Amino acid sequence: MANTETHSTLTNAPNANAIIDIRDLRKVYQLGKTSVEALRGVNFEVSEGEFTVVLGPSGSGKTTLLNIIGCLDRATSGTYRLDGEDVSQRDFNELAEVRNYKIGFIFQNFNLIPVLNVLENIEFPCLVRKEQQNRAELRERVRALCAEVGLERFMKHRPDELSGGQRQRVAIARALITQPRLVLADEPTANLDSKTSDQILELMQRLNRQHDTTFLFATHDPRVMDLARRTVRIKDGLVQPD
Amino acid sequence: MSPLVFMSARNLARNRRRTLLAMGAVVVGLCALTVLRGFVNSVQQAQLNTTLLGTTGMLQIHRSGYLKNVLSNPLDLAFEDSPELRNKILSAAHVRALAPRLQFSGSISVNEPMASDLANVGDAKTTFLTANAVDPELDRQTLPQQYEWLIEGMMFPRADSLALVVHRDIAGPLGVENVAANLQQPSETWPVVLAPDRDGSLSGEAFNVIGLLGSAVPTDKRLALAPLKSVQKLLKMDDQITEYVVRLDDVVHAAEVQKELEQRLGSDFEVSRWDEILPFIKDLIGNLTNIFDIISGVFLLVVMLGIINSMFMNVLERVREIGTMMAIGVKQGSILSLFVVEGVFLGALGALVGLLLGAGIVQLMSLIGIPISAPGSSLKFILRPFLTLDFVVTAFSFTTFGAALVSVWPAWRASRLRPVEALSAI
Numbered sequence: 025m026a027n028t029e030t031h032s033t034l035t036n037a038p039n040a041n042a043i044i045d046i047r048d049l050r051k052v053y054q055l056g057k058t059s060v061e062a063l064r065g066v067n068f069e070v071s072e073g074e075f076t077v078v079l080g081p082s083g084s085g086k087t088t089l090l091n092i093i094g095c096l097d098r099a100t101s102g103t104y105r106l107d108g109e110d111v112s113q114r115d116f117n118e119l120a121e122v123r124n125y126k127i128g129f130i131f132q133n134f135n136l137i138p139v140l141n142v143l144e145n146i147e148f149p150c151l152v153r154k155e156q157q158n159r160a161e162l163r164e165r166v167r168a169l170c171a172e173v174g175l176e177r178f179m180k181h182r183p184d185e186l187s188g189g190q191r192q193r194v195a196i197a198r199a200l201i202t203q204p205r206l207v208l209a210d211e212p213t214a215n216l217d218s219k220t221s222d223q224i225l226e227l228m229q230r231l232n233r234q235h236d237t238t239f240l241f242a243t244h245d246p247r248v249m250d251l252a253r254r255t256v257r258i259k260d261g262l263v264q265p266d
Numbered sequence: 003m004s005p006l007v008f009m010s011a012r013n014l015a016r017n018r019r020r021t022l023l024a025m026g027a028v029v030v031g032l033c034a035l036t037v038l039r040g041f042v043n044s045v046q047q048a049q050l051n052t053t054l055l056g057t058t059g060m061l062q063i064h065r066s067g068y069l070k071n072v073l074s075n076p077l078d079l080a081f082e083d084s085p086e087l088r089n090k091i092l093s094a095a096h097v098r099a100l101a102p103r104l105q106f107s108g109s110i111s112v113n114e115p116m117a118s119d120l121a122n123v124g125d126a127k128t129t130f131l132t133a134n135a136v137d138p139e140l141d142r143q144t145l146p147q148q149y150e151w152l153i154e155g156m157m158f159p160r161a162d163s164l165a166l167v168v169h170r171d172i173a174g175p176l177g178v179e180n181v182a183a184n185l186q187q188p189s190e191t192w193p194v195v196l197a198p199d200r201d202g203s204l205s206g207e208a209f210n211v212i213g214l215l216g217s218a219v220p221t222d223k224r225l226a227l228a229p230l231k232s233v234q235k236l237l238k239m240d241d242q243i244t245e246y247v248v249r250l251d252d253v254v255h256a257a258e259v260q261k262e263l264e265q266r267l268g269s270d271f272e273v274s275r276w277d278e279i280l281p282f283i284k285d286l287i288g289n290l291t292n293i294f295d296i297i298s299g300v301f302l303l304v305v306m307l308g309i310i311n312s313m314f315m316n317v318l319e320r321v322r323e324i325g326t327m328m329a330i331g332v333k334q335g336s337i338l339s340l341f342v343v344e345g346v347f348l349g350a351l352g353a354l355v356g357l358l359l360g361a362g363i364v365q366l367m368s369l370i371g372i373p374i375s376a377p378g379s380s381l382k383f384i385l386r387p388f389l390t391l392d393f394v395v396t397a398f399s400f401t402t403f404g405a406a407l408v409s410v411w412p413a414w415r416a417s418r419l420r421p422v423e424a425l426s427a428i
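Residue numbers (our numbering), protein chains in the order written: chain A, 25 to 266; chain B, 3 to 428.
If you're looking for bench data, these hints aren't it; they were derived computationally from the structure. Quantities reported herein were computed from a predicted structural model and do not represent experimental measurements.
Mimicking DSS-like on lysine-lysine, the simulated pairs with C-alpha atoms at most 25 angstroms apart in a straight line are: (1) B:Lys90 to B:Lys231; (2) B:Lys333 to A:Lys154; (3) B:Lys223 to B:Lys70; (4) B:Lys223 to B:Lys284; (5) A:Lys126 to B:Lys333; (6) B:Lys223 to B:Lys382.
Please put together the full structure from these sequences, using the hints given.
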């Protein structure tokens, strides 16, 4: 059984403290007439406030798992509860809402919107919400976050006027502005030099402590692994026991 | 302002070269269409003015059955030109002027050789004419354009003058085209007009040719204008006319005034609009509009293809950005709106600039004036292109709406991208 291969023993009842609660998750890709099973019954939990790293070689299913956790993709079968809510069967627009309210993303390539300046990039996730925003209050929060990540002097700069480290700081601030339950960081230091990487990791660790936000990393960077409080290894579509 | 509208505007500014190229196509297309429309308007206006203010008038009033029998014996359906009848017509709303006319056909002959024509001494020369006997003062008020076709000499001053204004093609063969010399000739040498009266018997009278008409339309080469009173006397039809020509303050009221006059005048008379008398002129103007509409359609299609192409390039270049927006929580509808708004901006801005540029060129052409000869016409018309608000609003709306419509396809493709695939795009 797949359960025996997971890192922890799970009961059938949902874990009330878990931000991520995944049960028997499978993902099958159809490539022409061939089916490829990327996830083969994953069971996985992440508790609130954790600073977790997911490790795995290329083709292990790590990216597929992160995509499903990030509600960017849907599993073929199994359940995924995010912050206590089953999101496995949500449609595209409902998943967009879940992403907006509950998840912050930090990408390897920063993925900032090039036509928006730092301030606008950071506030953007709040502006796409249906409900009316108090712009003054929002701007104040953005300024506070900018100060927290060390960008107060660059708020009017466009992404192409910033260094890699500064861009990643913007991405971190953008991920945190919605006060998400979970921040997913996909190779956040891969495109940064070692000094900047250290600063970024230190920043994320501080934010994790201060905001009690759950961080989940996918990385090959040993420095990230050193900082992680928990490491989850994935291989051949299955989570490996600790 | 919605952040998406704001982003759309900035995205257009981001890739300036492509935006300018796509917008350039819209600008050139709309500018060309605007200039063409201005030109077509002036051609149609010239045609309309020739008809309404030069030949037919806006309305004509005849005895019932006249138009059907005009080719057999029009004089049989003459009627009395009375002040009461005139008042009935002139008191109707929108009627600005009225001219009584007596249409007749006849021949014109030079009885004796002219002094200037010594080679033809002893030869009598005759040609046919179709004449309108008119009151010069009332006719000028009703059909003012006709007097611009007087290429030489002058109009007879009174309705009882013994003078004629004839088409140059009539005067030439008769040897009376030198109107200045004609004025010096004694009445015995004047050409004689012979015309059958209502009984069919020929009556004749000598008239001096004091003015020459050029051709405004191909069919007027036998035309002559004669003084109404003199012709009535010649044809023994005192106070009789064959028609009233009516000028209105605006031709758009023609149908409404026609109804009103039909009621006032009763069944003895028929009231005809210009487009009932000369339906081919209306068709000609309508055909020009149809041709312009087809050309406009082709232009707009090319412009829209340019916008589609630009929008697809736009989507292709921004796949990862679309993925990022989706990851952040932007919904499919908003992604679709983002690209449609960009298309609308492209179309609306391009249309605005194109229309302004085109309007400027039209204004310049109007100031300079375009000299042109109509087919079959010996006269030069000066065309002054102009635009109507109707065209400007329609062109702007069509382009903007069309741009929105054609942007839906690339925008829909963008909104249907899967976030995972979009984020992994290179």
